[in-house]
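Colleague: Residue numbers (my numbering), protein chains in the order written: chain A, 1195 to 1771; chain B, 1195 to 1771.
A portion of the hints provided could be inaccurate.
[Said to hold, decoys possible] Calculated pairs, SDA-like style, for lysine to any residue (alpha carbon to alpha carbon, straight line, at most 25 Å):
id	chain 1	residue 1	chain 2	residue 2
1	A	Lys1320	B	Asn1684
2	B	Lys1320	A	Phe1200
3	A	Lys1228	B	Asn1684
4	B	Lys1294	A	Pro1542
5	A	Lys1320	B	Lys1294
[Claimed, not checked] Derived Cβ-Cβ restraints for the label pairs, each shown as a range:
id	chain 1	residue 1	chain 2	residue 2	range
6	B	Arg1249	A	Asp1211	33 to 43 Å
7	B	Gly1766	A	Glu1276	17 to 27 Å
8	B	Ala1717	A	Leu1629	17 to 27 Å
9	A	Glu1705	B	Ala1702	54 to 64 Å
10	A	Ala1753	B	Glu1362	16 to 26 Å
11	B	Glu1735	A	Glu1276	20 to 30 Å
I should point out that these hints are in silico values taken from the structure, not numbers from a laboratory.
As the structure is a prediction and not an experimental result, all values here were calculated from the model.
Just so it is clear, CB atoms sit at the ideal spot from N, CA and C, and this is done for glycine as well.
2 protein chains.
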Amino acid sequence: MRLSQFHLRTSKETPADAEVISHKLMLKAGMIRKLAAGLYTWSPLGLRVLRKVERVVREEMDAAGAIELLMPSVQPRELWEETGRWEKFGGQLLKIRDRKEAEYCYGPTAEEVITDFARNELASYKQLPVNFYQIQTKFRDEIRPRFGVMRAREFLMKDAYSFHVTDEDLVREYRNMHDAYSRVFTRLGLKFRAVQADSGAIGGDASQEFHVLADSGEDAIAFSDGSAYAANLEAAEAVSPGDRPAPTEALRKVDTPTQKTCEDVAALLGIALQRTVKSVALMGDAIDGADPGGQFVLALVRGDHVVNEIKLAKLAGLADYRLATEAEIAQHLGSEPGFLGPVAPARPIRVVADRSVAAMADFVVGANASGYHLAGVNWGRDLPEPAVVADIRNVVEGDRSPDGQGTLGIARGIEVGHVFQLGRKYAEAMKCTVLDETGKATIPAMGCYGIGVSRIVAAAIEQNHDDAGIAWPDAMAPWLAVVCVINPKNDPAVAEAAQTLYRELNAAGIETALDDRGQRPGAMFADMELIGIPHRVVVSERGLGAGTFEYRHRRASEAESLDRNALFARLGAGGHG
Amino acid sequence: MRLSQFHLRTSKETPADAEVISHKLMLKAGMIRKLAAGLYTWSPLGLRVLRKVERVVREEMDAAGAIELLMPSVQPRELWEETGRWEKFGGQLLKIRDRKEAEYCYGPTAEEVITDFARNELASYKQLPVNFYQIQTKFRDEIRPRFGVMRAREFLMKDAYSFHVTDEDLVREYRNMHDAYSRVFTRLGLKFRAVQADSGAIGGDASQEFHVLADSGEDAIAFSDGSAYAANLEAAEAVSPGDRPAPTEALRKVDTPTQKTCEDVAALLGIALQRTVKSVALMGDAIDGADPGGQFVLALVRGDHVVNEIKLAKLAGLADYRLATEAEIAQHLGSEPGFLGPVAPARPIRVVADRSVAAMADFVVGANASGYHLAGVNWGRDLPEPAVVADIRNVVEGDRSPDGQGTLGIARGIEVGHVFQLGRKYAEAMKCTVLDETGKATIPAMGCYGIGVSRIVAAAIEQNHDDAGIAWPDAMAPWLAVVCVINPKNDPAVAEAAQTLYRELNAAGIETALDDRGQRPGAMFADMELIGIPHRVVVSERGLGAGTFEYRHRRASEAESLDRNALFARLGAGGHG
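Working from the sequences, and respecting the hints, build out all of it.
Modeller: This is the structure we're talking about:
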């Protein structure tokens, strides 16, 4: 592409309303333009990148045996009523009424449509397994669209849906998709992690999220330095820290007149925060006919840990727990908040201790008396063993990996893909059956697999940028290389040499742009750095005289002089993303 | 592609609700499935064809210098208010309200969005000319969606929009697009015509439609057998038939007691219909202060011709004409309808004669008296020369072509493309300006250019089918060739030979499917004919023994035995659509 024949429109100004770097850089580079809240036009430059991502996704889905089709973006209400999601999906579902007052939505996902397709198309186990996918525009009416295409309302998504006679076959395809996704992100040149995830609103049996790692990511990910283990911070298991040491201190009451937090108490006593225990007072689920007092729970985590509400709610009797009121706390513990603890409560209480707390000795807790804490507390001696020991906290850096290999680090990530084992939920609700080998109607198990194609573009920028702009991985760059011409109008020999090089590079399979817009070198280089072209070659009078080209990789600090052969070798080597 | 790994689902039954052959065949072949009124899922088979069309369109648009981008499908009401089309566009505009009660539509076209993009992106004449295009899903809320994807509500369209400083440059790009479209349809292997068209609701200066010719087409097209001239039947000019002959008959009143139509009168008199003249009584536009009688017009066309209302309305004083009432006819002509004519009216009237009528001698008209006609009528002698002579009829087969080359035939066509010179209408309404060479803000001229990508698939079938099913042109076929295996399970040598051939053909660049589904030959051949694969190769035990393959072109009546070299030569020759 000759850039004089292309539409490139960069900007020096940093857009005021862009909060994240990818949004800023996509606007500055002129990749996207806002049409309305959460609606963006992909400029010719932006679309080139989007199509690169789309192509890699398509190739890997095809290679993995999935079959592409294309469903309508507008979906009838009737199908969504069959699964109960017309109401349940919530405000993100953009509802539409046509001229005949029939109701539709702009599809945010397509479980209903594909299951309807499947119940008409799939009759026999012989047609299974099958995995249908599409790369199609979706719409989610985000209440607060922001971050550019990172959380746009209209976006491009690859969604795939597989159908299986047996659960085992679903698991096989789920792994197949996991591997295909890994190849997609590897080919795109992105640092990513596949993480265990709660399946969220879509529901189902097992799921994993694919995250592009970036400091600005909205999700925290715990990952092992010794294995492939990774999980959403809130889903990662905090394992037992080992055996409890023997007591070495006597129980004693310490004066903490205004110290209500673990941090303040540790500072006052001059001890590590890890020696303190935080007490969180909860009211558990109501139990018919039982003493309401039996609902009072004191949850204990180490002073430096954070309670994980999802894990807590999975414990017996805590599915619908809430925080206790001050009155309930006073009634059960005889104290005000800030000085609570499990030792000698006013009334019998249920103690739920995190695994780390259960393994502590000589710890510090509130004394259930205003202005006092207890130090040198030990299980079994100063209070009964906890009624429940469980994992009720978020993991932290340095925790042992739950798979026993390595220790955990915490990184931030941007979710760009998701693989689910849906099970039979949708097929059952929509009466989708196939005949099995014995001729009996059976409900197929389903998997679903999504990739946020447009989101990947933004996520890649969050991971790959510097002060000068975007630094694309080769596979996502609008062009792999650019030939910049210095002063083409005044020097026909330079212009001609540049055009020749441009043609030869493209002929050699290296997708190359020619910057023949006639800008001054400084502005031209700044543009090419901003839009992130990986390889830059400058053709100048001086270089021509010496028989060399000035080459610079987008991430290199210096340019180097290369002759023609060295240049082609360099670009050929880096030319396959 | 091995068809055992693909999703193919043909049907023997003819769908009851499909009215046109393309809709029937697309359903029978399993290319599309209906989701709701006017909404279709493209099955894997159908999508392969759709993508072929999309690719050819994209390649030719790129080659013509247009630049691809991607606009949102959801468009804000505000932009449509700027051009007044929020109301004017009518019921086809699918209006949407989001969760915040903001109003949008699902874009049926994108003049507003691209003009908004342009007014932000284009600042200087140096950025012009530029032609932006997208291949994107559109929605038109058809009141009666039908004919499958031929008139679906959601459809895939290529829409392009160009911007120019001068009208001359717009005309240049308009021709460029015309040529690109011709290349698209030629490459797709379709018989088509570019026809002059009225620009319809979008408005503008000049436009042409591209029609795929098919007997079932909804539009009639007049085309020359001696040149590239083609026009919509109603837009085609009917030229003067030549000089008027001298009178040879005397005027006489003839008895036509019940004969009120030209056909009946000609039959009674035993003369050619071409000798009669039809009189149509009209009331022209009201003229302030003038005698209302001056509005009465008698329009004359030859008995075998049809009045063209669009042409009539272009004449002075007839912009808003209507048919005259019986009372008005009686007042001006002194007669009842069926016996009307221009000779000796009761009051002065205005006669508008079609060119053919003005060139007639010795013709037959109504006598303005019930039960009588006049024969041997001649201009100048029996009545004054007509006040207006103009083209006011539809052309018919055999008319001379308006460009003077050849004679006209009439064909039927399906509109699949449209090129418009929009002029400055949208840019003006939306205050889109660029600075010209003198630094003055100027409103750019615009062109717009559409191709109905999904519609082409249906139109191609209307043109290319037989009793057995679809007969794709090479360039649109889901696969160019198919290797059919006879009895693969019982004969491993045959199965292996088929797989080898399948791999070799693909390696030679001939996109080939392998029908390894294990069906019986009859069912397999019927499927491959139904889905329209151009080249079929059968691998059987008998052929293997003789060192030959059975080859049959989809349009050939007989199969032939070819050895490997002859087969590759045959497919290679036909392999580039």
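Colleague: So which hints don't hold here, by number, going up?
Modeller: 3, 4, 5, 7, 9, 10 and 11
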